[in-house]
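Please put together the full structure from these sequences, using the hints given.
From first to last, the protein sequence lines stand for chains A and B.
For the first sequence, position 44 matches number 44 in this note's numbering, and the numbering has no gaps at all.
For the second sequence, position 172 matches number 172 in this note's numbering, and the numbering has no gaps at all.
Careful: at least some of the hints might be erroneous.
You can't tell identical chains apart in this list, so a pair holds if it fits in one copy or across any two.
[Stated by the list, open to error] Below 35 Å or equal to it, Euclidean Cα-Cα: the simulated DSBU-like pairs (lysine-lysine) are:
id, residue 1, residue 2
1, K124, K88
2, K87, K39
3, K124, K15
4, K59, K15
5, K124, K87
6, K63, K124
7, K63, K87
8, K205, K63
9, K205, K88
10, K39, K124
11, K63, K89
The hints are simulated quantities; they were obtained by calculation from the structure and are not laboratory data.
Take a look at the letters that make up each chain.
Protein chains: 2
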Amino acid sequence: MKTELEQVLPAQIEKRSFEIITEELGERVFVPGTEPIVKRCIHTSADFDYAENLVFSEKVVEKALGALRRGASIVTDTQMAKAGINKKKLAQYGGQVYCFMSDEDVAEAARENGTTRAAASMEKAARMFQRNHGQADTADRPLNCQEVPGDETPGLIFAIGNAPTALIRLYELVREGRLAPELIIGVPVGFVNVVQSKEIILELKDTPYIVARGRKGGSNIAACICNALLYMM
Amino acid sequence: MKTELEQVLPAQIEKRSFEIITEELGERVFVPGTEPIVKRCIHTSADFDYAENLVFSEKVVEKALGALRRGASIVTDTQMAKAGINKKKLAQYGGQVYCFMSDEDVAEAARENGTTRAAASMEKAARMFQRNHGQADTADRPLNCQEVPGDETPGLIFAIGNAPTALIRLYELVREGRLAPELIIGVPVGFVNVVQSKEIILELKDTPYIVARGRKGGSNIAACICNALLYMM
Numbered sequence: 001m002k003t004e005l006e007q008v009l010p011a012q013i014e015k016r017s018f019e020i021i022t023e024e025l026g027e028r029v030f031v032p033g034t035e036p037i038v039k040r041c042i043h044t045s046a047d048f049d050y051a052e053n054l055v056f057s058e059k060v061v062e063k064a065l066g067a068l069r070r071g072a073s074i075v076t077d078t079q080m081a082k083a084g085i086n087k088k089k090l091a092q093y094g095g096q097v098y099c100f101m102s103d104e105d106v107a108e109a110a111r112e113n114g115t116t117r118a119a120a121s122m123e124k125a126a127r128m129f130q131r132n133h134g135q136a137d138t139a140d141r142p143l144n145c146q147e148v149p150g151d152e153t154p155g156l157i158f159a160i161g162n163a164p165t166a167l168i169r170l171y172e173l174v175r176e177g178r179l180a181p182e183l184i185i186g187v188p189v190g191f192v193n194v195v196q197s198k199e200i201i202l203e204l205k206d207t208p209y210i211v212a213r214g215r216k217g218g219s220n221i222a223a224c225i226c227n228a229l230l231y232m233m
Numbered sequence: 001m002k003t004e005l006e007q008v009l010p011a012q013i014e015k016r017s018f019e020i021i022t023e024e025l026g027e028r029v030f031v032p033g034t035e036p037i038v039k040r041c042i043h044t045s046a047d048f049d050y051a052e053n054l055v056f057s058e059k060v061v062e063k064a065l066g067a068l069r070r071g072a073s074i075v076t077d078t079q080m081a082k083a084g085i086n087k088k089k090l091a092q093y094g095g096q097v098y099c100f101m102s103d104e105d106v107a108e109a110a111r112e113n114g115t116t117r118a119a120a121s122m123e124k125a126a127r128m129f130q131r132n133h134g135q136a137d138t139a140d141r142p143l144n145c146q147e148v149p150g151d152e153t154p155g156l157i158f159a160i161g162n163a164p165t166a167l168i169r170l171y172e173l174v175r176e177g178r179l180a181p182e183l184i185i186g187v188p189v190g191f192v193n194v195v196q197s198k199e200i201i202l203e204l205k206d207t208p209y210i211v212a213r214g215r216k217g218g219s220n221i222a223a224c225i226c227n228a229l230l231y232m233m
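Right, dumping it as structure tokens:
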């Protein structure tokens, strides 16, 4: 082997990576609390564009950590993001990860309505978890979607890493009052309606968001933002 | 909604994305056969760096498709890549996807040997599938790792999207003659030994490879290269 390897103990690899990222970011000033998220996105992608393109709504980290602490669950639009989220850590607080993309009823609804499975999977989330203030409309587990004063029912975080159509449908469901997410992680990737789908999320007034503006994002970025939050707890 | 959406039918979104990518790539000339792989990596990441950083060994696409056709299986270093690979399509030819990262014996071996779980998971692959010319050393399913003339036993493709330590161990196992992969997809991402781990793969003389030089890559890229190959069949 002609190539010189850096000698780093297994347990130190992530630490060393973050040191390199910190060095290369230089004197950058972050929105308070957001630094671990920005750095983990760079760690996941080796792409320093994430130092520029991430947008955070006011006090979003504080709000997201509060939601996770109350047992919020995560709904995502890909099995890859579901695989990447640290489910053990999430479960410590009572949350779990849902992805409805492979569900037969979602595929059927998409066919019937001429929409994408991603959009139909957001519909399914709304059906299962709509704001119900204690009234269960699912046999499994009643879930409110945003903190109501005095209400300790856990809420929902949406982590959208692939499909702009999921993000657009989510925007509509929020506007229609059918969902009130604790947090929207809006990081779909691609070329058709991706930029637009993220811009409309920034229009939402009362919904905390973390959005990667522009074309970039992905399931890996969606999962890593969830994990960055979990590792801050 | 103030933002103007492009009207594209669900079934047309991917096609339209690839048209945009093709437009933006302009007059670029690709190594024959590699164009769908490069474009799918850009599609997955919205990162045109993949037009520059992907390196292909000679006739790698032809060889990889041959391996898949003979029922090659895929070993990967993350559950995310496993989740992202089109397992239904792979199964049509007889292959399946393995990821040993969460296996208890892998965690144990890593602890014992002071290595990473990723490196230990490559060891496990070598133990399970080492070149055996028809002699099963696993009760489940004997697998050769590279085509032997007249030998139709399916082989192995390694798709490494996260851990440089996996790629380095894989390199060593090939050099030691314990594995002879049909293809190494070498696209770990990150900052510690990532660049080096990919450069050493380029030194392998008889192993077909697809490598993303530099720091970039990821589970999403590993999965999408597998899928690009599968969609070419």
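Results for each hint:
Proximity of K124 and K88 under a CA criterion of 35 Å is satisfied in both settings, with 24 Å inside one chain copy and 24 Å between copies. Taking identical chains as interchangeable, the C-alpha atoms of K87 and K39 lie at most 35 Å apart whether they share a chain (21 Å) or sit on different chains (32 Å). In this assembly of identical chains, the alpha carbons of K124 and K15 lie at most 35 Å apart only when taken from different copies (27 Å versus 39 Å within one copy). For the homomeric pair K59 and K15, the shortest alpha-carbon distance inside one copy (26 Å) is at most 35 Å, but the shortest distance between copies (39 Å) is not.
Taking CA atoms no more than 35 Å apart as the test, K124 paired with K87 passes in both settings, with 21 Å inside one copy and 25 Å between copies. Proximity of K63 and K124 under a CA criterion of 35 Å is satisfied intra-copy only: 25 Å inside one chain copy versus 43 Å between copies. Proximity of K63 and K87 under a CA criterion of 35 Å is satisfied intra-copy only: 20 Å inside one chain copy versus 38 Å between copies. Only within a single protomer do K205 and K63 lie at most 35 Å apart by alpha-carbon distance; the minimum there is 14 Å, versus 54 Å between protomers.
Proximity of K205 to K88 under the C-alpha cut-off of 35 Å is restricted to the intra-copy arrangement: shortest distance 32 Å within a copy versus 42 Å between copies. In this assembly of identical chains, K39 and K124 lie within 35 Å of each other by CA distance both inside one copy and across copies; the values are 33 Å within and 32 Å between. In this homomeric assembly, K63 and K89 come within 35 Å of each other (Cα to Cα) only inside a single copy, at 18 Å, whereas the closest approach across copies is 42 Å.
Checked against the numbered hints listed earlier, the structure breaks none of them; every hint is satisfied.
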